[in-house]
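2 protein chains.
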Amino acid sequence: MSRIYNFNAGPAAIPLEVLETAQAELLDFNGTGMSIMEASHRGKAYEAVHNEAIANLRELLGISEDYAVLLLQGGASTQFSMVPMNLLLPGETADYTNSGSWGSKAIKEAKKVGNVNVAADCGKEIPTRVPRVSELKLTAGAKYLHVTSNETISGARWNEYPDVDCPIVADMSSDILSRPFDMSRFGLIYAGAQKNLGPSGLTLVVVRKDLAEGAPENLPTMMRYKTHIEENSLYNTPPCFSIYILMLVTRWVKKIGRDNLYKQNVDKAAKLYAAIDGSGGWYKGTAVKEFRSDMNVTFRLPSEDLEAKFAAEATKAGFNGLKGHRSVGGIRASIYNAVPVKAIDDLVAFMNQFKASNG
Amino acid sequence: MSRIYNFNAGPAAIPLEVLETAQAELLDFNGTGMSIMEASHRGKAYEAVHNEAIANLRELLGISEDYAVLLLQGGASTQFSMVPMNLLLPGETADYTNSGSWGSKAIKEAKKVGNVNVAADCGKEIPTRVPRVSELKLTAGAKYLHVTSNETISGARWNEYPDVDCPIVADMSSDILSRPFDMSRFGLIYAGAQKNLGPSGLTLVVVRKDLAEGAPENLPTMMRYKTHIEENSLYNTPPCFSIYILMLVTRWVKKIGRDNLYKQNVDKAAKLYAAIDGSGGWYKGTAVKEFRSDMNVTFRLPSEDLEAKFAAEATKAGFNGLKGHRSVGGIRASIYNAVPVKAIDDLVAFMNQFKASNG
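Those sequence lines, one after another, are chains A and B.
Count the first sequence with this note's numbering and you get residues 1 to 359, in order.
Count the second sequence with this note's numbering and you get residues 1 to 359, in order.
The set of hints was computed from the structure by calculation and includes no laboratory data.
Only a predicted model underlies this, so the values are computations on that prediction, with no experimental measurement involved.
Quick reminder that beta carbons are idealized off the backbone N, C-alpha and C, glycines included.
Do not take every clue at face value.
[Claimed, not checked] With the Cβ distance kept under 8 Å, some of the chain B side facing chain A (calculated, not the full set): (1) Arg3; (2) Leu19; (3) Gly192; (4) Gly201.
Bound conformation, chain A alone:
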């Protein structure tokens, strides 16, 4: 077996150690005589997995008991609707920021539900970035302010969150558990699992319990946060196997040490950006420097032909998933928690070599 270097944007690399554990116990989980996939979601074996995943997330993300940790389905795309359906009541306004593809989808869905003020829009700027705090045009009495903490496609991220009176709601799909943040400044955060948390088919939502209380009574039961808060995300059958992998991933983070991992992420990204910036302009980062993402490193080559050649040769050399998103082109290296330092070092060497041969 030969494992490649995985730079996919999501679904993405999962720690090898986690996969090895899952493989070892796939036919017999913890002496139960069955796979965790075959265990009842109401039984003790699964319940322990479920609750450990939640407890580990509370510890790693610093989530107090004022918040509920929900393990849901449907991806961030479903949260684009659930957030306003639960939080935005008739007559109220929510502030949204647009920083690209994901922010723009969140706005589109929110507008179907209620009043939306776009507080800042740099979604189509190139080089890419997220809004500056100073340029936000906020609504007095807004119900919440929505941000996309990290734009997976453009490779730009928020470094500093605004000091606002209303709760901040953040789509953290592509940078959750990758860098420090202060949960108490947010009313709700959500993230598809398939980048830093585990496999696809699982969505993490952390919501301040008091905010979920005010949702309209006649929402579909499954679209109501309160349903899932009251039932510890066991109102109906959860995506058990994905939650099991999430649990193993959180164990892996605890073992390495969250802060060590955060530091490693900074170092990994710095190495790649150094290779880009040290190329004399041959490689060009696509995000404004101060907004560069440590998770999705996006850059261009002198021509689209060279980008295609780069991606093809990289794939042959064992670097997978480097082609930029189809909507923007270019190159993107998604370097989530599970992408090892060696993958970065070898990619830097490949980039230097490719430039030498084609520059």
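We have chain A already, so just place chain B on it with the hints.
Chain B only, in chain A's frame:
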């Protein structure tokens, strides 16, 4: 490793052969150098899995091109809302049948959306059953008729569907791919995967394309069937690993032969019901005989104490998941496709022995 007999109601038994394949390729799927969990949902490796799962379902369930096969998230509980949100327009009425816990939940959600006529209600009858065609009080011009083809909790099922002018919509969560049915009589069917199709976190929806066309424009994008029809269930990241297991399960069904499997299901259930009926009334089936389910065999013992003892001793003897649903008590043996004949034979022997020791 010792595998137990798995009679769980869902998540439930998965074919051993499927688990073994998944285990063997968990770190390196098909020579890609990564787990299928780590593969991009836009890449060739995953795409082949996705499309094979859909093609196999089309073949096994006899689904014509008039219908779309959707692989969604959120379980049947989400479909309880999506069905009326998409199909039931203002001023229209849908007929619903109540045959127990699941039918009743479907009705509750539909009532939030539009006009609902309960065409028959035997949800609280004991012995349990589903409505007879002759007792349905149908609405002239109803948009659709909703049925729960098999009630997992009560162990009762529809044998004969009514001849109605409107499309039938069926929650087939617990008997999909277990017995023959004529897809052309249905407008839409849905099923949580965690019984006969694979792991939890995946919902199959088969919908007649023309019916999905009329949905209101302002539905949340993720709650709109048309979104998923147009994008082949790849509008956002699907639950890739669960779909991979579904694909392996459909391969397994094709290898055994669908009709052989259906026949085996009849035989398995017949053996259990024979043990119940041959016990001189000591074991008592909870469903009216003509409505007995071949998937969820429910029965009572002379006392609740004996039921508790039965479940406990069965667990010790390697029969897992026999305790009835917490809302109704009693004993339930869920004998989905992946439960082997030997598990039934050994359970019958256990039942006879238990009666001999306690009768």
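For each hint, the structure was consulted:
At its closest, the beta carbon of Arg3 of chain B sits 5 Å from a beta carbon of chain A; the interface hint therefore holds under the 8 Å criterion. Nearest Cβ of chain A to the Cβ of Leu19 of chain B: about 5 Å, under the 8 Å cut. The hint holds. Satisfaction of the interface hint for Gly192 of chain B is found here, the shortest Cβ-Cβ separation to chain A being roughly 6 Å, below the 8 Å cut-off. For Gly201 of chain B, the suggested interface contact is upheld, since its CB lies about 3 Å from the closest CB of chain A, less than 8 Å.
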